[in-house]
Each structure stands twice: as structure tokens, then as C-alpha cells.
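K.L.:
In our numbering, the protein residues as written are 785 to 858.
There's no promise every hint is true.
Computed Cβ-Cβ distance ranges for the label pairs, DEER-style [said to hold, decoys possible]: (1) Asp800 to Arg857: 18 to 24 Å; (2) Gly838 to Ala815: 19 to 25 Å; (3) Ser816 to Thr837: 25 to 31 Å; (4) Glu808 to Thr855: 15 to 21 Å; (5) Gly801 to Ala854: 27 to 33 Å; (6) Glu793 to Asp851: 24 to 30 Å; (7) Pro803 to Glu856: 27 to 33 Å; (8) Asp851 to Glu808: 26 to 32 Å; (9) Glu842 to Gln805: 16 to 22 Å; (10) Glu827 to Pro790: 17 to 23 Å; (11) Pro788 to Tyr845: 21 to 27 Å; (12) Gln805 to Ala854: 28 to 34 Å; (13) Asp800 to Ala853: 26 to 32 Å.
It should be emphasised that the hints constitute simulated quantities derived from the structure, not laboratory data. Model, not experiment: these values are computed from the prediction. All C-beta atoms in this analysis are idealised placements derived from N, C-alpha and C, irrespective of residue type, glycine included.
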Amino acid sequence: MTEPLPISEEFPDLFDGVPEQEQEAVVQVLASHRLDGMTLTREIVAEAIGYATGELSEAEYDQRVADRAATERG
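Put together the whole structure using the sequences plus the hints.
P.N.:
Below you can see the structure in the form of C-alpha cells.
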């Protein structure tokens, strides 16, 4: 099985300008999600970065996650 690229290399443009500390936090959280079987999409990565950098509030982030989960359940 081929190892996936590091998350920051899959979506390098999303990480442009993100402070190193926030990058590391996002990568750790998303790596954990990936190990749990989650398929990381561009949208998921962008939302995690937005939350880590304060562009999304906790309420906005939680709503987006809930909306995505509802859509996936169909």
C-alpha cells in the first residue's frame, strides 16, 4: 500500500501563509483523523486551517462539520 503524502504536501496552497505552530496543530489533528479512516478532502483541510487560524469561529466550524455529516448520511 502506498503511503499518502503528508497533508501539507497534498494541499500546499492551503498552508501558504499559515504560521508554523498552526500548521503543526492542523497536521496532527488531520493525521489522527486519517488514521481513524477519514478521507481528507480539500474542504476538510481548509476548514481545519480556518478554525486553527481564527478565520472560522468554533460555532462556524462545528456547523460546517455537522452539515457535512448530515450530507454524508444522506
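K.L.:
Each of the hints needs a verdict: does it hold here or not?
P.N.:
Hints, one by one, checked against the model:
The hinted window of 18 to 24 Å between Asp800 and Arg857 is violated, with their beta carbons roughly 33 Å apart. About 22 Å separates the C-beta atoms of Gly838 and Ala815, a value consistent with the hinted range of 19 to 25 Å. Between Ser816 and Thr837, the C-beta spacing of about 19 Å breaks the proposed range 25 to 31 Å. Under the hint 15 to 21 Å, the C-beta atoms of Glu808 and Thr855, about 30 Å apart, miss the expected range.
Checked against the hint of 27 to 33 Å, the C-beta distance between Gly801 and Ala854 comes to roughly 31 Å, which is consistent with it. For the pair Glu793 and Asp851, the supplied restraint of 24 to 30 Å holds, since their beta-carbon distance comes to about 28 Å. Our hint of 27 to 33 Å for Pro803 and Glu856 holds, since their Cβ atoms are close to 31 Å apart. The hinted window of 26 to 32 Å between Asp851 and Glu808 holds, with their beta carbons roughly 27 Å apart.
Checked against the hint of 16 to 22 Å, the C-beta distance between Glu842 and Gln805 comes to roughly 18 Å, which is consistent with it. Checked against the given bound of 17 to 23 Å, the beta carbons of Glu827 and Pro790, roughly 18 Å apart, stay inside it. Pro788 and Tyr845 have their C-beta atoms about 23 Å apart, which keeps the hinted 21 to 27 Å range intact. Distance hint check for Gln805 and Ala854: the Cβ-Cβ separation is about 32 Å, which falls inside the suggested range of 28 to 34 Å.
Under the hint 26 to 32 Å, the C-beta atoms of Asp800 and Ala853, about 28 Å apart, fit the expected range.
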